[in-house]
Amino acid sequence: MIRRTHPALSAWAWLVYAFLYLPIIVLVVFSFNDSRFGATWAGFTTKWYGVLFARADVREALAHTLEIALLSTLVSTVLGTLVGLGLWRYTLRFRTALTGLLVLPIVVPDVVMGVSLLMFYSFVRQGLERAGWTFDNGFWTVLLAHVTFQISYVALTVRSRLAGYGPELEEAARDLGASGWESFRRVVLPLAMPGVLAGALLAFTLSLDDFVVTYFTSGSGFSTLPVLIYTNVKRGVTPDINALSALLVLVTVVAIVAANALLRPRRDA
Amino acid sequence: MLTVRRFFATLGPGVLWLAVFLIVPALVMLGYSFLTRTDLAQVGAPWTLESWQRVFGYDALFQEWTGDNVRVLWRSVWVATLSTALCVLMGYPLAFYIARQDARRKNLLLLLLIIPFWTNFLIRVYAWILILRPFDLVPSLTATLLGMVYAFVPFFVLPVYSSVEKIDWRLLEAAEDLGAPPVRAFLSAVFPQTLPGLVAGILLTFIPALGTFVVSDILGGAKTALVGNLIQNQFGQAGDWPYGSALSFLLMGAVLLGLWAYARVAGQKGLEELV
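Protein chains in written order, with this note's numbering: chain A, 24 to 292; chain B, 573 to 847.
Because the hints were derived from the structure by calculation, they are not lab data.
Positions of the beta carbon are idealized from the N, C-alpha and C atoms, including for glycine.
There could be a bad hint or two in this list.
Derived contacts from chain A toward chain B, CB cut-off under 8 Å, selection only [unchecked claim]:
# : residue
1 : T28
2 : Y40
3 : L50
4 : F53
5 : L102
6 : M142
7 : F146
8 : I252
9 : I279
Label-pair distances were calculated between CB atoms; the ranges are [unchecked claim]:
#  : chain 1 : residue 1 : chain 2 : residue 2 : range
10 : B       : Q614      : A       : F76       : 39 to 45 Å
11 : B       : Q614      : A       : G203      : 48 to 54 Å
12 : B       : D640      : A       : G155      : 41 to 47 Å
One chain only, chain A, in its complex shape (with noise of 0.2 Å):
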């Protein structure tokens, strides 16, 4: 239902937008800003972005950090859907704990889950090496953090898309002479499917964009993206960094923007 809104809840709620977006222009506007060290504005140039591009420590980050976010969700995917089924599939005893479970890499602070894993991966790697072997790889262990986190969002994704559906179903499928696969397959996971594309889509965002896990996790030797411009950051302001957030500003507007064009729930889903 429709009201009038009141002009005040208007001006207030494009005040908030104005807010929410002041940062993000201002940021895009910098990034042709023609100075070194950027507090005025000194004339418009796209200097900054031939600079980024020349960088190969930037391009071997975007690689690493495509390759993490590609692999870890496709395991993520799989594991997360396959825990989402079991969820929706079974009635378990003991499904309060295995919530609890899976709610937990989503609401503990990433800072505890990065210091946690950079701890258990020296333990392991202490262990490893007292039997000869050594262990150290920033890209393994990124990519098994990346895992653990997203696993939680695949598998809540899929068993709600689910919720809506009883093991009825099922039955149904196999009364009518299908095998468990062919029942799997061929009534339960094109059912489950949008589900299982919007947790993998979230897992990779998730991933991508992960900065504090994996500045614990990666080691020296090994950045991403996030942890490039963290370090970046922490230097103080450089223009090439400014264009590097301003073209990352404008890809997440372009997939957010493509996303909602290709996922917009239709009225009879």
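Using the hints, position chain B against chain A.
Only chain B this time, still in chain A's reference frame:
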């Protein structure tokens, strides 16, 4: 029926993964918090309560209670509370505004809210350096607060919006028909209906605000360190893992205790709706 075979075909791998990479690391962390720092980022015997004493403000070096740490913890709680309150102030009316638009505008406004929500957290915080630097506000506690409100306000608005969307406005009309003044009508007919979203929104703002180190690291200074910065430092320059572990465990405990209380009130369904 869940058989062992079915368990390992569905829930098993995921549950096992979380056990290995979430529960075991938490146990390692708990164990380390009772060990001694032997060298930079090294732990070893003997077992001791020293790190936990330090967490609660006891200085092992001077053998007395100095309360330094308690001040940092207190500041973290206070900053998280204040930034959550500001998010409520900004976001609660906004949720109503969005919910009352027609479908097309609603979709656009939600999209405009989701864009900052999904824009990289670090970038959004960093952008405030560019804005606040000319006013000489970086680093400062004001900048930290502003950055937090900015970073977390979308987390707050989205759950409140989904509550506002479900409001049964007939209750408001009934209250008005019965002669309730506008404020009273709102408080008794509308506000209670938004409570689930409000509580979820507050939790989703307060918990990250309590644990963050990024915002205060980039916009605040050493003088405005929060518990997150203290933890980060123990795993960075200070290299004191036992102390960092005790701090992390305390932070996690506080969050889990809060959520447990929330689950007791809202039930398991409430906990699931939170995510």
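Verification of the hints:
For T28/A, the shortest C-beta to C-beta distance to chain B is roughly 5 Å, which falls under 8 Å, so the interface hint holds. Because the smallest distance between the Cβ of Y40/A and any Cβ of chain B comes to about 6 Å, under 8 Å, the interface hint for this residue holds. A distance limit of 8 Å between C-beta atoms decides the matter here; for L50/A the minimum to chain B is near 4 Å, and the interface restraint holds. Given the 8 Å rule on beta carbons, the hint for F53/A holds: about 6 Å separates it from the nearest Cβ of chain B.
With a least beta-carbon distance of about 4 Å to chain B, the hint placing L102/A at the interface is held under the 8 Å criterion. Look at M142/A: its Cβ gets to within about 5 Å of chain B, closer than 8 Å, so that hint holds up. Restraint check, F146/A versus chain B: the minimum CB separation of about 5 Å is within 8 Å; hint holds. Satisfaction of the interface hint for I252/A is found here, the shortest Cβ-Cβ separation to chain B being roughly 5 Å, below the 8 Å cut-off.
At its closest, the beta carbon of I279/A sits 6 Å from a beta carbon of chain B; the interface hint therefore holds under the 8 Å criterion. Distance hint check: the CB atoms of Q614/B and F76/A are about 41 Å apart, consistent with the given range 39 to 45 Å. With their beta carbons about 52 Å apart, Q614/B and G203/A fall inside the hinted range of 48 to 54 Å. Judged by the Cβ atoms, the range 41 to 47 Å given for D640/B and G155/A holds: they are separated by roughly 44 Å.
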